[in-house]
Amino acid sequence: MSQTPDAAARVVDLTLAQSSASSDSSAPPIEVHDLTVAYQTRPVLWDVDLTLPEGKLIAIVGPNGAGKTTLLKAVVDLISPAAGWVRIYGKPYRQQRHLVAYMPQRTSVDWDFPTSVLDVVLMGTYGRLGWFRRPGRAERSLARRCLERVGIANLARRQISELSGGQQQRVFLARALAQEARIYLMDEPFAGVDATTERAIIQLLRQLRDSGRTVVAVHHDLQSIPEYFDWVVLLNLRLIAAGPVADVFTPANLQRTYGGQLKILTQAAEALLRREEGRP
Amino acid sequence: MDPELYRTCIVLLTGSLTAATTALVGSFLVLRRMALIGDAISHAILPGIVIGFLLSTQRHPLILLPAAAAAGLLTVWLIELIYRSRRLSEDASTAVVFPALFALGVLMIARIRYVDLDLDCVIFGRIEDVDRRPLVLFGTDLGPRAVWLLGIMLLLDLLLVVGLWKELKISTFDPAYAESLGFKPLRIHYLLMTAVSLTAIAAFEAVGAILVVAFLVVPAATAFLLTNRLWLMVALAVLFGLASVVLGYVLASEAVLNSQGAAAMAVAAGLLFLLVWLLAPHHGLLAAILRRRRLRLRFAEDLVLLHLEQAQTRQEICQTLQERLRWSDRETERILAALSRRGWLSCDDYSVRLTPEGVQAVAELRSRYPA
Amino acid sequence: MSWLPEGIVLQGLAILGTTCGTVGCFALLRRQNLLADTLAHAALPGICAAYLLTGDKDLPVLLLGAAVSGTLGVWLVLAIVQTSRLKQDAALGIVLSTFFAGGLLLLTYLQNFPDGNQAGLNTFIYGQTAYLREEHVRWMLGISVVLLSVVAVFYKEFKLVCFDPDYAQTLGLRRRVLEFLLAMLLVLTVLISLRSVGVVLTVGLLTAPAATARQWTNRLGSMIVLAAVIGVACSWLGAVWSQNVPLTPAGPAIVLTASVVMLGSLLLAPQRGVLAAWLRQLAHRRRVRLENLLTDFYRLNEVRHDWEQPRNLVELAEVRGQPEEVVRRTLHDLEDAGLVVETDDGWRLTQQGLQEAARIVRTHRLWELYLSRRLDLAADHTHRDAEAMEHALTPELVAELESALENPETDPQGKPIPRGKPLSENQEGS
Numbered sequence: 001m002s003q004t005p006d007a008a009a010r011v012v013d014l015t016l017a018q019s020s021a022s023s024d025s026s027a028p029p030i031e032v033h034d035l036t037v038a039y040q041t042r043p044v045l046w047d048v049d050l051t052l053p054e055g056k057l058i059a060i061v062g063p064n065g066a067g068k069t070t071l072l073k074a075v076v077d078l079i080s081p082a083a084g085w086v087r088i089y090g091k092p093y094r095q096q097r098h099l100v101a102y103m104p105q106r107t108s109v110d111w112d113f114p115t116s117v118l119d120v121v122l123m124g125t126y127g128r129l130g131w132f133r134r135p136g137r138a139e140r141s142l143a144r145r146c147l148e149r150v151g152i153a154n155l156a157r158r159q160i161s162e163l164s165g166g167q168q169q170r171v172f173l174a175r176a177l178a179q180e181a182r183i184y185l186m187d188e189p190f191a192g193v194d195a196t197t198e199r200a201i202i203q204l205l206r207q208l209r210d211s212g213r214t215v216v217a218v219h220h221d222l223q224s225i226p227e228y229f230d231w232v233v234l235l236n237l238r239l240i241a242a243g244p245v246a247d248v249f250t251p252a253n254l255q256r257t258y259g260g261q262l263k264i265l266t267q268a269a270e271a272l273l274r275r276e277e278g279r280p
Numbered sequence: 001m002d003p004e005l006y007r008t009c010i011v012l013l014t015g016s017l018t019a020a021t022t023a024l025v026g027s028f029l030v031l032r033r034m035a036l037i038g039d040a041i042s043h044a045i046l047p048g049i050v051i052g053f054l055l056s057t058q059r060h061p062l063i064l065l066p067a068a069a070a071a072g073l074l075t076v077w078l079i080e081l082i083y084r085s086r087r088l089s090e091d092a093s094t095a096v097v098f099p100a101l102f103a104l105g106v107l108m109i110a111r112i113r114y115v116d117l118d119l120d121c122v123i124f125g126r127i128e129d130v131d132r133r134p135l136v137l138f139g140t141d142l143g144p145r146a147v148w149l150l151g152i153m154l155l156l157d158l159l160l161v162v163g164l165w166k167e168l169k170i171s172t173f174d175p176a177y178a179e180s181l182g183f184k185p186l187r188i189h190y191l192l193m194t195a196v197s198l199t200a201i202a203a204f205e206a207v208g209a210i211l212v213v214a215f216l217v218v219p220a221a222t223a224f225l226l227t228n229r230l231w232l233m234v235a236l237a238v239l240f241g242l243a244s245v246v247l248g249y250v251l252a253s254e255a256v257l258n259s260q261g262a263a264a265m266a267v268a269a270g271l272l273f274l275l276v277w278l279l280a281p282h283h284g285l286l287a288a289i290l291r292r293r294r295l296r297l298r299f300a301e302d303l304v305l306l307h308l309e310q311a312q313t314r315q316e317i318c319q320t321l322q323e324r325l326r327w328s329d330r331e332t333e334r335i336l337a338a339l340s341r342r343g344w345l346s347c348d349d350y351s352v353r354l355t356p357e358g359v360q361a362v363a364e365l366r367s368r369y370p371a
Numbered sequence: 001m002s003w004l005p006e007g008i009v010l011q012g013l014a015i016l017g018t019t020c021g022t023v024g025c026f027a028l029l030r031r032q033n034l035l036a037d038t039l040a041h042a043a044l045p046g047i048c049a050a051y052l053l054t055g056d057k058d059l060p061v062l063l064l065g066a067a068v069s070g071t072l073g074v075w076l077v078l079a080i081v082q083t084s085r086l087k088q089d090a091a092l093g094i095v096l097s098t099f100f101a102g103g104l105l106l107l108t109y110l111q112n113f114p115d116g117n118q119a120g121l122n123t124f125i126y127g128q129t130a131y132l133r134e135e136h137v138r139w140m141l142g143i144s145v146v147l148l149s150v151v152a153v154f155y156k157e158f159k160l161v162c163f164d165p166d167y168a169q170t171l172g173l174r175r176r177v178l179e180f181l182l183a184m185l186l187v188l189t190v191l192i193s194l195r196s197v198g199v200v201l202t203v204g205l206l207t208a209p210a211a212t213a214r215q216w217t218n219r220l221g222s223m224i225v226l227a228a229v230i231g232v233a234c235s236w237l238g239a240v241w242s243q244n245v246p247l248t249p250a251g252p253a254i255v256l257t258a259s260v261v262m263l264g265s266l267l268l269a270p271q272r273g274v275l276a277a278w279l280r281q282l283a284h285r286r287r288v289r290l291e292n293l294l295t296d297f298y299r300l301n302e303v304r305h306d307w308e309q310p311r312n313l314v315e316l317a318e319v320r321g322q323p324e325e326v327v328r329r330t331l332h333d334l335e336d337a338g339l340v341v342e343t344d345d346g347w348r349l350t351q352q353g354l355q356e357a358a359r360i361v362r363t364h365r366l367w368e369l370y371l372s373r374r375l376d377l378a379a380d381h382t383h384r385d386a387e388a389m390e391h392a393l394t395p396e397l398v399a400e401l402e403s404a405l406e407n408p409e410t411d412p413q414g415k416p417i418p419r420g421k422p423l424s425e426n427q428e429g430s
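Protein chains in written order, with this note's numbering: chain B, 1 to 280; chain W, 1 to 371; chain G, 1 to 430.
Derived by calculation from the structure, the hints in this document are not laboratory data. Nothing here was measured: the structure is a model prediction, and the numbers come from that model. Worth double-checking, as some hints may not be accurate.
No more than 25 Å apart at the CA atoms, straight line, and that leaves these computed lysine-lysine pairs for BS3-like [stated by the list, open to error]:
#1 K166(W) / K415(G)
#2 K91(B) / K56(B)
#3 K87(G) / K169(W)
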């Protein structure tokens, strides 16, 4: 009966690690309630209500300054909201850190930092290690496996400044994998990467999804959304729409998301949808 | 004239000339976010001073000034060279270059060991003693050397700032645009750096190499907190400089602290800055705190207004906001009170109703945050 | 007098060098060197005020004063940046100069007192390495041991928070605590060095060894160790210099030594060094020169598919648009590499040379084709870009081009793209 919260958490963790696909708690992986984030008085996110399903590949889409990155940052508690709250499997982020892996934008760090690729990936295990403990052999082999999964095992000992944009993105991805989380939050994983890397990344994200993980990615390229993602969240200050791509990714919604300013984009999306659905 | 009064006049004149000439170039340093380059230059011209001194023990301005300009430009060039090679950040390149040159200067001074060029004087200045160092040309005593030097420098800086006003202005605010107009911002950059070096050396005899920074940066930064107009900022910077000189002189006088004049002037400049930083009408700390509080209140009011439609009674509103925004009842009550003071709500103990003005406000809000 | 400084001085400098090197690495990575400079300057009024208040010249009392006013200075910098429109540089300049002036003011004020002989405090401005006493060194050692053990214990956390603070926070690391700890390390390090190298030069000793170490290694761990070693070595060198050359104060000598070592490393370091980069550039240019001439052979011979046809100097020089002397030199270089041979009628490609030439021409034409197909560039606009690319594309990229273009046969101008295994009359005949 005297199960400490810590021990309880570990049990949950174990069961999660074993069971893969189906959710074993009724709470959704991410629940955003009435979230409002403001810098001074200028809201960057306004009253967002959102419940994301488990085991889906989810895109967050919207124009520049729509609050996409802010939404991710609010989920992982990097920004404290003016109002509203976020729950991860029904609990605040602080209690559920071990279930979430966050991948920031590639350009957010100094790639001339004196460290190796393997070292960056090992950083993904720091949260689990806690204070004082150094990554040991188990962590190293985990990091190696993660590098293999993103296809750059041969670069493990490379200095990170020698990497190309696509390789940097893969390193960050491997670092997120090393967290062995259930939810992956990725800020523009496809930004500035080459075609091969983009294919490799999406394949990996699909693998994660197929093993029951929930993957949320900020995405810019509207064209590839129907091909890559199951679910889409359209955001522009407010939540415009969220749901399965087929239901939500419509010209009307895109028009509302991007306003009149980006007619070409909506036209492109329309043309694409037409082709996807085999219409003339 | 009473010698004591004469001395006072000379000290104040020297200080004022220093303040005016440094404020002219300092304003642009602050606007270009190069305050620390000014710091680096003023430290690093030390070897330039020593070399100039070796060439002319009389410190003839025609020798001293080019030597200092060369040392100053060398500093800027070295920092940029290292930074551009992308081996170190700008911060680190600055932090490597100027201590090195300063150390070199100190070593040179220590080895030369002239009575007339002691380290304390070069680094901290001796504004009280400027009248003891006259400029002697063809055997005639023309008055304090520092006053002459600073006077010339003031003219040169005025010439630069007035003559190149629009070039300086545009290359400071939008270098890329200036480039496209054919203004050569790089040339203006180096011209300004030369002016800073020359100004620093003209001022070092009076206030020393380190306190020059206070004169370059502090009055200009103070002025920047008070205005958005460039000409007004420069004028205010000069005024703040002059005020610090007078204030500092009083502070350092025998009656008060009986201590170093230049340091007291720099401290006075710092105190003026502190005052303006706290109290400035738009960019001051107090104004910012008040504004932020006001904005936060406005924002909270907006949130309440938008939630009003789902609830009519006081209790319901408190409950909704507690549920959706995790507000305490007290907080909700506070905002409700603020809204009724605005005349947007009519409240009694039980119910809450939007007034016609309130309805209009909500409509306007909705259009601001379209669903 | 020995050529070596006293043992106690050497001990003190060893502690100083180690600490400054270690902590300097974190300051360098967090771009806080100028903040450290401001911190050092801002410590001066604290030292004077501590003396004024207590009348005590003991090191710990003075250091406490220095810590208080230094921290206050740094806090003011942060407050100015956060609450006003002034940027970091102006905030640093303001705090640095006015705090220093305040210190100076107090210092001259102290002179008014009969026993206010400020010689002891004056040392903090320039530093006085030669007069390190056992008591000072004990204090330095104590502080330094604490600092280094904090670094050892929190090494992994410090590394992450320097590299990617946001990410560290999402992992549950206490970012604010770690940043505060790092700031405290900086404060204590500055305090240690104040008495030895002085307010103005402290930043030099903090920056130069770390910046030097960064040029020689790509790992944080080895960078820290190296910076500590360099810090000690430069301090000792500077002290020995000061000991043996009259009229040389030790503080500036140490900082100048460290700076010269730093500049030297910037130039000479094997990987990151400017010289190494320049040599690599030269090597690349040479390669471009060689490869260009090889492809000239190929293009000349391509017309009649006569790969063995010798070419003479005049005609090669004309095609390349270079003086004959340059072309001759290039030809000799190619000959040394076994790619061409000199015959009676001029120069001829060897089998190996032909293969290499075909590879480069293939890369060139693939790239041209890619540009014209993917970017819709006109065929005559692609050549110059391809001219640069043919020397740079890696085999992997070429393979990717091939698959993207579905193994094409001809380039935009209709010239055949040589196959992976180059064609030659010999091979085709055999």
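Here is how each hint holds up against the structure:
1. Our distance criterion of 25 Å between C-alpha atoms is broken by K166(W) and K415(G), whose separation comes to about 56 Å.
2. With a C-alpha separation of about 20 Å, the suggested pairing of K91(B) with K56(B) holds against the 25 Å cut-off.
3. For the suggested pair K87(G) and K169(W), the alpha carbons sit about 18 Å apart, so the restraint of at most 25 Å is met.
In summary, the one numbered hint that this structure violates is 1.
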